[in-house]
Amino acid sequence: MEVNETTVVMETAEAGADVAVAPASSVVSPIIVPSTGWSAADPAAYNGGRPPTITHLAQLELEPKGDNGRWGALDVIPTKADYLLDYLRANSLWPLLSGLACCAMEMMSAATSVNDMDRFNMFPFRASPRQADVLIVAGTLTTKMAGPLIRLWEQMPEPKWCVAMGDCTCSGGRYKRSYATVEGIDRVMPVDVYIPGCPPRPEGLIYGMLKLQQLIVGRRGQWADRRVGPTVPAGV
Amino acid sequence: MTTEHTRIRSLDDPHIFVDTPATIYDAVPPYPPTTEREAEFYSLQDGEMLINLGPQHPSTHGVLRVVLKIDGERVVDLDPVLGYLHRGVEKICENGDWHHAISNCDPLEYIASMFSEAIPVLVAEKLLDLEVPRRADYIRVLAWELNRISSHALFIGWLALDLGGLTPILYGFIERDEIVEMLAALTGQKLLFNYLRIGGVNGDLNHEFLSRLGDWMGRAGQRIEMQQKLINENEIFVRRTRNLGTVDRETALRMCLTGPPLRATGIPYDVRRAHPYSVYPELDFEIPTRTEGDSWARYMLHIDEIKQSLHIIDQVLHQIPDGPIMAKLPRLLRVPPGRAWIAFESPRGQYGAYGISDGSDQPFRLRIHDPSYFNLQTVGLVTPGHLIADTMAIMSSLDPIMGGIDK
Amino acid sequence: MGRPPGRPHRPRGRLTEAPPDQSRSRPTDTALKRRLEARLGDQLAGPVRARHDTTEIVVGPGNLAAVMRALREDPAFRFELLADLSGVDTGTVLQVVYHLWSPLTPDWLRVIADGLPREDPRVPSITFLWKGAEWGEREAYDMFGIIFEGNRDLRRIYMPPDFKGFPLRKDFLLPDDAARSPGMGVRYMEQPVAPAETRRQPVLRTSPGTGSLVAGAGHQELVAGETAAPALSQGEPGP
Chain A
103 MEVNETTVVM ETAEAGADVA VAPASSVVSP IIVPSTGWSA ADPAAYNGGR PPTITHLAQL
163 ELEPKGDNGR WGALDVIPTK ADYLLDYLRA NSLWPLLSGL ACCAMEMMSA ATSVNDMDRF
223 NMFPFRASPR QADVLIVAGT LTTKMAGPLI RLWEQMPEPK WCVAMGDCTC SGGRYKRSYA
283 TVEGIDRVMP VDVYIPGCPP RPEGLIYGML KLQQLIVGRR GQWADRRVGP TVPAGV
Chain B
2 MTTEHTRIRS LDDPHIFVDT PATIYDAVPP YPPTTEREAE FYSLQDGEML INLGPQHPST
62 HGVLRVVLKI DGERVVDLDP VLGYLHRGVE KICENGDWHH AISNCDPLEY IASMFSEAIP
122 VLVAEKLLDL EVPRRADYIR VLAWELNRIS SHALFIGWLA LDLGGLTPIL YGFIERDEIV
182 EMLAALTGQK LLFNYLRIGG VNGDLNHEFL SRLGDWMGRA GQRIEMQQKL INENEIFVRR
242 TRNLGTVDRE TALRMCLTGP PLRATGIPYD VRRAHPYSVY PELDFEIPTR TEGDSWARYM
302 LHIDEIKQSL HIIDQVLHQI PDGPIMAKLP RLLRVPPGRA WIAFESPRGQ YGAYGISDGS
362 DQPFRLRIHD PSYFNLQTVG LVTPGHLIAD TMAIMSSLDP IMGGIDK
Chain C
89 MGRPPGRPHR PRGRLTEAPP DQSRSRPTDT ALKRRLEARL GDQLAGPVRA RHDTTEIVVG
149 PGNLAAVMRA LREDPAFRFE LLADLSGVDT GTVLQVVYHL WSPLTPDWLR VIADGLPRED
209 PRVPSITFLW KGAEWGEREA YDMFGIIFEG NRDLRRIYMP PDFKGFPLRK DFLLPDDAAR
269 SPGMGVRYME QPVAPAETRR QPVLRTSPGT GSLVAGAGHQ ELVAGETAAP ALSQGEPGP
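Residue numbers (this note's numbering), protein chains in the order written: chain A, 103 to 338; chain B, 2 to 408; chain C, 89 to 327.
Isolated chain A, as found in the complex:
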């Protein structure tokens, strides 16, 4: 099987990311079954995959601002207003309806009467990515679905967060060695919260979402660089 360009790019990116600990074992690179069905968003310049072609936005992108230059000419960012904005965002997270597989059942169960996510102001599952804040990827990501999912992620406007729900999205799960799945969505999009479980209980999902709220409030407007790439060492 030829090692095509996509595989090489991904391996280099993983080797270059500082999240990987230098492995002591002899298995150096993860086994990736290359798929020609999709190509990952470029992890090195993650701001939506493709460079923007609308020129005035491109100029804003080039300016060195903290959150993608949204504040424009405002160089002075009031700290209290930032905190308040994050507080508002955290308490009004609108998830995107992106249930892929079994974890979607538990996500729906978390949203309905018995385990009510509406208590945490997270009930409106928006069908359109333009209106959603958080992408809860619930279910196995296959190579065929990876393209549309990345497109959904890119269509979501900032600020946005991603929650990997279930074992299949965290690491590939029980389908890690399959020919048609992506081993963890962190290979294709930056993940903020990982919720393991197969499937995680609805209480687990709610706990993960509360952690996300803490994360948002705790960041106080400064978002860490979000990397695409597995956060486990390359040798594992």
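The set of hints was computed from the structure by calculation and includes no laboratory data. C-beta: ideal position from N, C-alpha, C; glycine also. It is possible that part of the hints are untrue.
[Unchecked claim] Below, computed lysine-lysine pairings styled on DSSO-like, alpha-carbon distance capped at 27 Å:
| id | chain 1 | residue 1 | chain 2 | residue 2 |
| --- | --- | --- | --- | --- |
| 1 | A | 313 | A | 262 |
| 2 | B | 230 | B | 308 |
| 3 | C | 252 | A | 278 |
| 4 | C | 258 | A | 278 |
[What the hints assert, rightly or not] Take a look, some chain C residues computed to stay more than 10 Å from chain B by CB distance:
| id | residue |
| --- | --- |
| 5 | 129 |
| 6 | 171 |
| 7 | 172 |
| 8 | 202 |
| 9 | 249 |
[Stated by the list, open to error] Computed footprint of chain A on chain B, listed as stretches where at least three residues anywhere in the stretch have a Cβ under 8 Å from a Cβ of chain A:
| id | segment |
| --- | --- |
| 10 | 77-89 |
| 11 | 107-113 |
| 12 | 116-124 |
| 13 | 184-197 |
Fit chains B and C to the given chain A structure using the hints.
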């Protein structure tokens, strides 16, 4: 700020579409049509349009993509695109044990997971020619019927949700949550139970499960009544499902339909009676059928089936014998060589599995036939002529679950 | 696992079943067997077998259309319900297996279209009898590369249209098999050698890609000594 992007360009401008190159995920494939049907579908007449009902949509059946060819609001033709959840289960089963296949096959029908676990279990038992203890058989039937009720309650909810009614799904999830909590008391898991074993079941009935079951049985009938009363006589629901997606008997057989869509056309084919397995021969239940064959009939049939399932659970609880719950089997299970076909009735239809064993402990081939796979082809047959909004109504009434369809 | 690492999954025993007289379930329908032999005898490629509750006939790909039509339309058979259509890779040849149900007999009927060569597996399509078989045939094409002549829509259904290779064939190896990764199981962990140093078994050489198939199909070309994964870099030997 330049105005390059705002000046008027002609359609002949070569740069106008360069920013969004077509990929294989766009409605019109970027390669020339490779089959007759593709050529016929992707060539548009005057006034027609291709629209993508993409893999992510608010209808909660999973990642199904349907390319609709529409003329105004009417659907002229449609082409479902599957595979967005294809996880390679059959290949993974070939690489593991027969026991591993139980948990590998679990997520196929993820709402009614006991049925999907039954695939490797029943195939291996047939290859081994194994007799399962009667108590284990009764517990299996109990678990199966509970799963059937929970799946049908969700079906009612999802059908209403796809038509715009947001309340019945909440009732459906209350039912489903109660049932899976009691099954969690029995199996330890809420969704992918991993409970059936080759030769029996994993654990015996315990007090927690039985007390929850008793509580629930007392209320179940009323609750289901309450849920369906919301929509049975609702005029909008009735007008949107009557005479919608009608399938007649001959077409149903030609399209290889099984399950409620087949019984709604009048053919009383239910695997529990046509090829009895487990302890179904000893249980007394009817096979509800309807004759209209439209979405309304399929919906009413699901309600009839819930009532039959409650009746079956009642009998099981009265007739369940004492005894072991697991047959004696060696740890390293070498299944004798052979071929076996099993079929059983899941909430969606006739689940089939064809297993080939080569004498080792690994399946040589475990073919899984999910009923929603063949059932979903009917959507392409009955939807043309209806409106776009009816597409989801028809698809919901056929009750597809993408886990099983895409394997 | 029951299989040493690195080898493709070949059948270790026979694929035929044990003699049928030890079956615990009810005896099979001998009347059906006689009817099949009487009406279809000359078109069958093997004896009519029966085990448990399934009667099985084997046909060659040329006779398949006539046999299926007879099974469906002959009033003595009336096998109206097609329960399943699947492909099988026996390691040497490919097969297509159909399961049918009839109201006239308590048995299932299994029809095996055997003897399809790996390079060019062609079988007549039965979509003229059962329209619902179209997707079953698409899946068998997608997973095995079997061409159903007469199917109007033979394209890939599960994998993306530009996918190369046929996943369920026995020479399509998962990374598990090819790279002897930790996903293999207990036996691997017991081996004292590092994966880069284990003896590489020669991998099955596949037939040249069948360029005539649609959507750019072709098997992975593997030669002896290569593995189907990107080359592992040589690391230090394990403990």
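Here is how each hint holds up against the structure:
1. For the hint pairing residue 313 of chain A with residue 262 of chain A, the CA-to-CA distance comes to about 15 Å; that is within 27 Å, so the pair holds.
2. Of the pairs offered as hints, the one joining residue 230 of chain B and residue 308 of chain B holds, with about 15 Å between alpha carbons and a cut-off of 27 Å not exceeded.
3. Of the supplied pair hints, the one linking residue 252 of chain C and residue 278 of chain A holds, its CA atoms being roughly 20 Å apart against a limit of 27 Å.
4. Annotation: proposed proximity of residue 258 of chain C to residue 278 of chain A holds, straight-line Cα distance about 19 Å (limit 27 Å).
5. Interface exclusion of residue 129 of chain C from chain B stands, the closest Cβ pair being 22 Å apart, more than 10 Å.
6. Look at residue 171 of chain C: its CB is around 5 Å from the nearest CB on chain B, not clear of 10 Å, so calling it non-interface is violated.
7. Interface exclusion of residue 172 of chain C from chain B breaks down, the closest Cβ pair being 4 Å apart, not more than 10 Å.
8. No Cβ of chain B approaches the Cβ of residue 202 of chain C within 10 Å, the least distance being about 12 Å, so the stated non-interface status holds.
9. The claim that residue 249 of chain C is not at the interface with chain B is violated, since a C-beta of that chain comes within 10 Å of its own (minimum 6 Å).
10. Counting residues of the segment 77-89 of chain B whose CB falls under 8 Å from any CB of chain A gives 6; the rule of at least 3 is met.
11. Coverage of a stretch by a chain is defined here by at least three residues with a beta carbon nearer than 8 Å to that chain's beta carbons; for the segment 107-113 of chain B and chain A the count is 3, and the condition holds.
12. Counting residues of the segment 116-124 of chain B whose beta carbon lies closer than 8 Å to any beta carbon of chain A gives 0, which falls below the threshold of three, so the coverage claim is violated.
13. A stretch counts as covered by a chain when three or more of its residues have a beta carbon under 8 Å from one of that chain; for the segment 184-197 of chain B and chain A the count is 3, and the coverage holds.
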